[in-house]
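K.L.:
Spelled out, the chains give:
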Amino acid sequence: GAVVSQHPSRVICKSGTSVKIECRSLDFQATTMFWYRQFPKQSLMLMATSNEGSKATYEQGVEKDKFLINHASLTLSTLTVTSAHPEDSSFYICSARDPGLAGGETQYFGPGTRLLVL
Amino acid sequence: LAKTTQPISMDSYEGQEVNITCSHNNIATNDYITWYQQFPSQGPRFIIQGYKTKVTNEVASLFIPADRKSSTLSLPRVSLSDTAVYYCLVAPRNQGGKLIFGQGTELSVKP
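Going down the list, the sequences are from chains A and B. With my numbering applied, the first sequence covers 1 to 118. With my numbering applied, the second sequence covers 1 to 111.
Check before you lean on any hint, since a few could be wrong.
[Claimed, not checked] Below, computed lysine-lysine pairings styled on DSS-like, alpha-carbon distance capped at 27 Å:
1) B/Lys69 to B/Lys52
2) B/Lys52 to B/Lys98
3) A/Lys41 to A/Lys64
4) A/Lys41 to B/Lys110
5) A/Lys64 to B/Lys98
6) A/Lys14 to A/Lys66
7) A/Lys66 to A/Lys41
8) A/Lys41 to A/Lys20
9) A/Lys20 to A/Lys64
10) A/Lys64 to B/Lys3
11) B/Lys98 to A/Lys41
12) A/Lys20 to A/Lys66
13) A/Lys41 to B/Lys3
14) B/Lys3 to B/Lys52
15) B/Lys3 to B/Lys69
16) B/Lys54 to A/Lys66
17) A/Lys14 to A/Lys41
18) A/Lys66 to A/Lys55
19) A/Lys20 to B/Lys98
20) B/Lys98 to B/Lys54
21) B/Lys69 to B/Lys98
22) B/Lys98 to A/Lys55
23) B/Lys3 to B/Lys54
24) A/Lys20 to A/Lys55
It is worth saying that the hints were derived from the structure and are not from the lab.
From just these sequences and the hints, can you work out the full model?
P.N.:
If you want it as structure tokens, here you go:
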């Protein structure tokens, strides 16, 4: 299947700083990528849909000024957690669709980024 | 998006066949059913996808009855490494690909 990478895999930062997480589709072009957040022992929660060349679409309750999303190219989307606070500590996961594959609605997920805000 | 209901947890032993059933009573005509597996601190991994009847790949089988209001993921001869959370998702094709995860089924395989 298609491969999606994330960087960094884990990051520790001080409260008030901003953190950027990258999501890349390695062997396909993704016009749409998705960002999820997952707290311990909970399911994935969709945060936003990242569209190449246009603004991201945020789910209800997700602050767009807090979680900045930039889909700069067909293989890269970034999520920036601005002015991070301890409650932003979580596991952030991105995914991308490969429309070129048979069953093109299948989403492929990155390995996730563990964020710890001190 | 159709809501899904799965058992919260299941226990099994190595070598057994495991069947996880998911209910999706409000599935729409153009919805597909997809199952993902997630290990701790990893992103979900695609297992199988289907629309109706039966789909089989090298990892699992997916059984979907004619009314499509439920589906069953079948894992043949599980091993300890199959211990994970399994998610059933229902979503339409060609409409943006947005997926809403339910709580999933935590499968524990014991020796």
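K.L.:
If a hint holds in the structure, say so; if it does not, say that too.
P.N.:
Hints and how they fare:
The hinted pair formed by B/Lys69 and B/Lys52 meets the criterion: a straight-line CA distance of about 10 Å does not exceed 27 Å. Annotation: proposed proximity of B/Lys52 to B/Lys98 holds, straight-line Cα distance about 21 Å (limit 27 Å). A C-alpha spacing of about 25 Å is found between A/Lys41 and A/Lys64, which places the hinted pair at or below 27 Å, so the restraint holds. Annotation: proposed proximity of A/Lys41 to B/Lys110 holds, straight-line Cα distance about 20 Å (limit 27 Å).
Annotation: proposed proximity of A/Lys64 to B/Lys98 holds, straight-line Cα distance about 18 Å (limit 27 Å). As the CA atoms of A/Lys14 and A/Lys66 are separated by approximately 16 Å, the hinted pair is consistent with the 27 Å bound. Straight-line distance between C-alpha atoms of A/Lys66 and A/Lys41 comes to about 24 Å, which keeps the hinted pair within the 27 Å bound. A distance of roughly 24 Å separates the Cα atoms of A/Lys41 and A/Lys20; the hinted pair therefore holds under the 27 Å criterion.
For the proposed pair A/Lys20 and A/Lys64, the alpha carbon gap of about 14 Å is at most 27 Å, so the pair holds. The suggested pairing of A/Lys64 with B/Lys3 holds, with an alpha-carbon distance near 26 Å, which does not exceed 27 Å. Proximity of B/Lys98 to A/Lys41 is assessed by CA-CA distance (about 22 Å); at most 27 Å being required, the pair is judged to hold. Between the alpha carbons of A/Lys20 and A/Lys66 the distance comes to roughly 12 Å, so the proposed pair stays at or under 27 Å and holds.
For the hint linking A/Lys41 to B/Lys3, the alpha-carbon distance of about 20 Å falls within 27 Å, and the restraint holds. About 18 Å separates the Cα atoms of B/Lys3 and B/Lys52, which keeps this hinted pair within 27 Å; it holds. Between the alpha carbons of B/Lys3 and B/Lys69 the distance comes to roughly 11 Å, so the proposed pair stays at or under 27 Å and holds. A C-alpha spacing of about 44 Å is found between B/Lys54 and A/Lys66, which places the hinted pair above 27 Å, so the restraint is violated.
Distance hint between A/Lys14 and A/Lys41 is fulfilled; the C-alpha atoms sit about 24 Å from each other, no more than 27 Å. A threshold of 27 Å between alpha carbons decides the hint, and for A/Lys66 with A/Lys55 the separation of about 15 Å falls inside it, so the pair holds. For the hint pairing A/Lys20 with B/Lys98, the CA-to-CA distance comes to about 23 Å; that is within 27 Å, so the pair holds. For the proposed pair B/Lys98 and B/Lys54, the alpha carbon gap of about 24 Å is at most 27 Å, so the pair holds.
Between B/Lys69 and B/Lys98, the direct Cα distance comes to roughly 20 Å. Compliance with the 27 Å bound is thereby established for this hinted pair. For the given pair, B/Lys98 sits about 16 Å from A/Lys55 by alpha-carbon distance, which is consistent with the 27 Å threshold. Between B/Lys3 and B/Lys54 the CA atoms are separated by roughly 21 Å; this keeps the pair inside 27 Å, and the hint holds. Taken as a hint, the A/Lys20 and A/Lys55 pair is honoured in the structure, with Cα atoms around 17 Å apart against an allowance of 27 Å.
Hint violations for this structure: number 16 only, all remaining hints satisfied.
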